Amino acid sequence: MIEHRFLEDTRRQLRERLRRLPGDGGARVRARRLRALLEEMGVHCDETADLEGVDAVLLASARGTEAIIAARLNDDERHHAYARIVARLLVGEIHTPIDAKMEYAGAHYTSSREEREEDAMVQGLAGALVDSRLDAAPRPLYDDVPKLTLAFTPRTAARSTLGGLHQWSVIWYKRSNLYRRLRARPDVSHAIERICFALDHEPAAT
Amino acid sequence: MPERDEVQIARWGAIRDRIGDGLRNIRGRTRSQAQLAWELDELGFHISQSMVSRYEQGQGEVPLTLERIVGWALCCDALSSEHLREILELAGYTLPWTRGDMAQFDNLLRRYRALSRPDQMVLRRRMLWHLLGLQPRSVQMKDPA
Numbered sequence: 001m002i003e004h005r006f007l008e009d010t011r012r013q014l015r016e017r018l019r020r021l022p023g024d025g026g027a028r029v030r031a032r033r034l035r036a037l038l039e040e041m042g043v044h045c046d047e048t049a050d051l052e053g054v055d056a057v058l059l060a061s062a063r064g065t066e067a068i069i070a071a072r073l074n075d076d077e078r079h080h081a082y083a084r085i086v087a088r089l090l091v092g093e094i095h096t097p098i099d100a101k102m103e104y105a106g107a108h109y110t111s112s113r114e115e116r117e118e119d120a121m122v123q124g125l126a127g128a129l130v131d132s133r134l135d136a137a138p139r140p141l142y143d144d145v146p147k148l149t150l151a152f153t154p155r156t157a158a159r160s161t162l163g164g165l166h167q168w169s170v171i172w173y174k175r176s177n178l179y180r181r182l183r184a185r186p187d188v189s190h191a192i193e194r195i196c197f198a199l200d201h202e203p204a205a206t
Numbered sequence: 001m002p003e004r005d006e007v008q009i010a011r012w013g014a015i016r017d018r019i020g021d022g023l024r025n026i027r028g029r030t031r032s033q034a035q036l037a038w039e040l041d042e043l044g045f046h047i048s049q050s051m052v053s054r055y056e057q058g059q060g061e062v063p064l065t066l067e068r069i070v071g072w073a074l075c076c077d078a079l080s081s082e083h084l085r086e087i088l089e090l091a092g093y094t095l096p097w098t099r100g101d102m103a104q105f106d107n108l109l110r111r112y113r114a115l116s117r118p119d120q121m122v123l124r125r126r127m128l129w130h131l132l133g134l135q136p137r138s139v140q141m142k143d144p145a
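The listed protein sequences derive, respectively, from chains A and B.
Residue numbering for the first sequence follows the working numbering, starting at 1 and increasing by one per position.
Residue numbering for the second sequence follows the working numbering, starting at 1 and increasing by one per position.
Hints in this document: simulated from the structure, not taken from any laboratory.
All values derive from a computational prediction rather than experimental measurement.
Heads up, some of the hints might be wrong.
To be verified - For the chain B half of the interface with chain A, some residues (derived, Cβ under 7 Å), not all of them: (1) Q104; (2) F105; (3) D106; (4) L109; (5) S116; (6) P118; (7) D119; (8) V122; (9) R126; (10) H130; (11) Q135.
Claimed, not checked - To spell it out: a stretch of chain A is covered by chain B in this simulated footprint if at least three of its residues, at any positions, have a beta carbon under 8 Å from a beta carbon of chain B; those stretches are: (12) 22-29; (13) 85-98.
The C-beta atom is built at its ideal place from N, Cα and C for all residues, glycine as well.
Please work from the sequences and hints to get the whole structure.
Have a look at this one:
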């Protein structure tokens, strides 16, 4: 699964499934739902690990991918841990031939800016997933969006502009706590949704 | 002691000194035999300090298994060392990883040295499984009580 093409394919499937994932039910049901989704993607899940300080570990190699969840977690914490694993799989950089990502409930030490930015993005997307509000995170993290290109017609220029805005949004979502908080506000999410619709809307057939 | 073939006993007798040298080099000077034995025990290997000493002196009676050799190197963050490559070659074992892959395993082990002991052990047990080239789904190991 860690091979690049395979990982991209898994991410694409995960994004599709995530957009249709029901948001009802308690933490236990929703954690089970995320576990089922991961297992469907070929991620082996184990909730019996004696982890002490870490809530969950995502371990991936050419031999397979595992989500190792601490046995001590309650339903809410387990739900958050699964959401972080899903978010990590979607937006995290997973190195070959083996990589391990630690998921913590709170703040923890990170050695590099890249790691901090990735953690912030994972945290934000996982929060949106737990709240059943994927629109609180930038769309490129969970959906296919138009790309910034050299565009010449009014229609493609609008889509390209939208692609540029999405890129800008992801960059600031990674880097700025303030932007992440703003982006998660319902009024801001709705405003962005309207902009996306205006720029990506097919003109009515004449 | 399980019944062993004469050929196997003779072969082990011929290589165990060189394997002992390699094992001592893998452990290095910074890690004591007691510490290594303790870490191996936590990983699920039944190896005492005296067994570590005997293997390093080339006095181990029973041939070292692939799992024990890899576990030994894993505990010493020395999966990419030349000594491990030589030992595996001598013992006739192969792993499905390149030298560069093994260096990445070592990097990962070092990166997470700051984790608590229980968390490190969970990670190492799982990494061992991946190292041995097995799918995570088939993990049957029990945590040592």
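Outcome of the hint check:
Against a cut-off of 7 Å between C-beta atoms, the interface hint on Q104 of chain B holds, since the closest Cβ of chain A lies about 6 Å away. Evaluation of the F105 of chain B hint against chain A yields a held restraint, the C-beta minimum of about 6 Å falling below 7 Å. Here the hint on D106 of chain B is broken, as its CB sits about 11 Å from the closest CB of chain A, past 7 Å. Interface hint at L109 of chain B: violated, since its Cβ lies 10 Å from the closest Cβ of chain A, which is beyond the 7 Å cut-off.
Checking S116 of chain B against chain A by beta carbon gives a least distance of about 5 Å; that is within 7 Å, so the hint holds. Checking P118 of chain B against chain A by beta carbon gives a least distance of about 4 Å; that is within 7 Å, so the hint holds. Interface hint status for D119 of chain B: upheld, as the beta-carbon distance to the closest one in chain A is roughly 5 Å, under 7 Å. Interface hint at V122 of chain B: satisfied, since its Cβ lies 5 Å from the closest Cβ of chain A, which is below the 7 Å cut-off.
Restraint check, R126 of chain B versus chain A: the minimum CB separation of about 5 Å is within 7 Å; hint holds. Here the hint on H130 of chain B is kept, as its CB sits about 4 Å from the closest CB of chain A, short of 7 Å. For Q135 of chain B, the interface hint holds, since its Cβ comes within 7 Å of a Cβ in chain A; the closest pair sits about 5 Å apart. Counting residues of the region 22-29 of chain A whose beta-carbon sits less than 8 Å from any beta-carbon of chain B gives 0, not enough to reach three: the coverage restraint is violated.
Chain B is given as covering the region 85-98 of chain A, and this holds because 4 residues of the stretch bring a CB closer than 8 Å to a CB of that chain, at least three being needed.
Violated hints, in rising order: 3, 4, 12; the structure is consistent with all others.
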